[in-house]
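Peer 1: Chain order of the listed sequences is S and R. Its first residue numbered 1, the first sequence is counted upward by one per residue in the working numbering. Its first residue numbered 1, the second sequence is counted upward by one per residue in the working numbering.
Calculated directly from the structure, the hints in this document are not laboratory data. The structure presented is a predicted model; accordingly, all values stated were derived computationally and were not measured. For glycine and all other residues, C-beta sits at the position ideal for the given N, C-alpha and C. Hints are not guaranteed to be accurate.
[As the list claims (entries may be wrong)] Ranges between beta-carbon positions, derived for each pair: (1) P61/R with A13/S: 43 to 53 angstroms; (2) R16/S with Q54/R: 43 to 53 angstroms; (3) R107/S with S107/R: 43 to 53 angstroms; (4) N57/S with S107/R: 34 to 44 angstroms; (5) K52/S with T14/R: 43 to 53 angstroms; (6) R81/S with P39/R: 20 to 30 angstroms; (7) R67/R with A13/S: 22 to 32 angstroms; (8) R63/R with S41/S: 37 to 47 angstroms; (9) S86/R with Q42/S: 33 to 43 angstroms; (10) N57/S with P39/R: 24 to 34 angstroms; (11) P21/S with K57/R: 24 to 34 angstroms; (12) A13/S with R9/R: 31 to 41 angstroms; (13) D67/S with T14/R: 36 to 46 angstroms; (14) P92/S with Q44/R: 28 to 38 angstroms.
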Amino acid sequence: DAKTTQPPSMDCAEGRAANLPCNHSTISGNEYVYWYRQIHSQGPQYIIHGLKNNETNEMASLIITEDRKSSTLILPHATLRDTAVYYCIVSPTNNAGNMLTFGGGTRLMVKP
Amino acid sequence: KAGVTQTPRYLIKTRGQQVTLSCSPISGHRSVSWYQQTPGQGLQFLFEYFSETQRNKGNFPGRFSGRQFSNSRSEMNVSTLELGDSALYLCASSFTGGANYGYTFGSGTRLTVV
Chain S
1 DAKTTQPPSM DCAEGRAANL PCNHSTISGN EYVYWYRQIH SQGPQYIIHG LKNNETNEMA
61 SLIITEDRKS STLILPHATL RDTAVYYCIV SPTNNAGNML TFGGGTRLMV KP
Chain R
1 KAGVTQTPRY LIKTRGQQVT LSCSPISGHR SVSWYQQTPG QGLQFLFEYF SETQRNKGNF
61 PGRFSGRQFS NSRSEMNVST LELGDSALYL CASSFTGGAN YGYTFGSGTR LTVV
């Protein structure tokens with residue numbers, strides 16, 4: 001079973017920030033938080049990951065609470081092309097079996 | 001650099017037949033994993049190969065099998081196809097299979113069993 005809980009859907013206005021929450025209250029000390037997204041009919045795309053510090057890259061920012069039980073993915077200026085299903089996944093750093101456990105994700109709809 | 005290439009993109013098979021899907025990872029990536037995606041079950045892990053060895057396997061029947069070649073290309077095979085095997089099959093490659101490097105997914109093979 002997935003170790004994360006996400007709202008099934010969210011809307012965001014184009015140009016505004018999209019804040020996607022994720023609860024992972026049973027996260028272990030050696031588990032990272034990963035975010036992927038899947039645009040219709042394509043494979044999932046890696047966005048960002050973090051352990052306990054906030055992270056930022058060219059696509060998004062990841063804010064992890066101090067107790068690590070929840071996180072938020074921030075798309076600072078959402079565009080129509082950001083419409084996708086966003087998956088929050090927790091996985092250990094030594095996950096040599098390359099197994100990601102996907103939950104239901106959040107379907108983000110960016111509207112004009 | 002080239003991404004993960006999956007062939008074919010679309011496939012229609014008859015119940016009872018068998019099918020082989022192919023995945024070419026990103027150059028230099030040695031880990032290849034496979035996932036099945038259906039509307040009802042979402043994305044589910046099938047198995048992972050690294051240096052021609054299966055390191056991990058999901059909860060799928062023995063009809064689902066795979067292998068990896070010395071050039072890291074991988075194939076998965078489904079025998080005695082059932083209607084429920086209709087799905088998008090995705091493969092993902094990574095450098096070592098460790099989650100920190102991030103996994104790159106292909107666009108998938110959409111299999112329809114009739």
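Peer 1: None of the hints should be skipped; say for each whether it holds.
Peer 2: Now for the hints, and whether the structure bears them out:
| no. | hint | verdict |
| --- | --- | --- |
| 1 | P61/R with A13/S: 43 to 53 angstroms | holds (46 angstroms) |
| 2 | R16/S with Q54/R: 43 to 53 angstroms | holds (45 angstroms) |
| 3 | R107/S with S107/R: 43 to 53 angstroms | violated (20 angstroms) |
| 4 | N57/S with S107/R: 34 to 44 angstroms | violated (23 angstroms) |
| 5 | K52/S with T14/R: 43 to 53 angstroms | holds (52 angstroms) |
| 6 | R81/S with P39/R: 20 to 30 angstroms | holds (23 angstroms) |
| 7 | R67/R with A13/S: 22 to 32 angstroms | violated (48 angstroms) |
| 8 | R63/R with S41/S: 37 to 47 angstroms | violated (26 angstroms) |
| 9 | S86/R with Q42/S: 33 to 43 angstroms | violated (19 angstroms) |
| 10 | N57/S with P39/R: 24 to 34 angstroms | holds (31 angstroms) |
| 11 | P21/S with K57/R: 24 to 34 angstroms | holds (32 angstroms) |
| 12 | A13/S with R9/R: 31 to 41 angstroms | holds (34 angstroms) |
| 13 | D67/S with T14/R: 36 to 46 angstroms | violated (53 angstroms) |
| 14 | P92/S with Q44/R: 28 to 38 angstroms | violated (19 angstroms) |
Going through the hint list in order, the structure does not satisfy hints 3, 4, 7, 8, 9, 13, 14.
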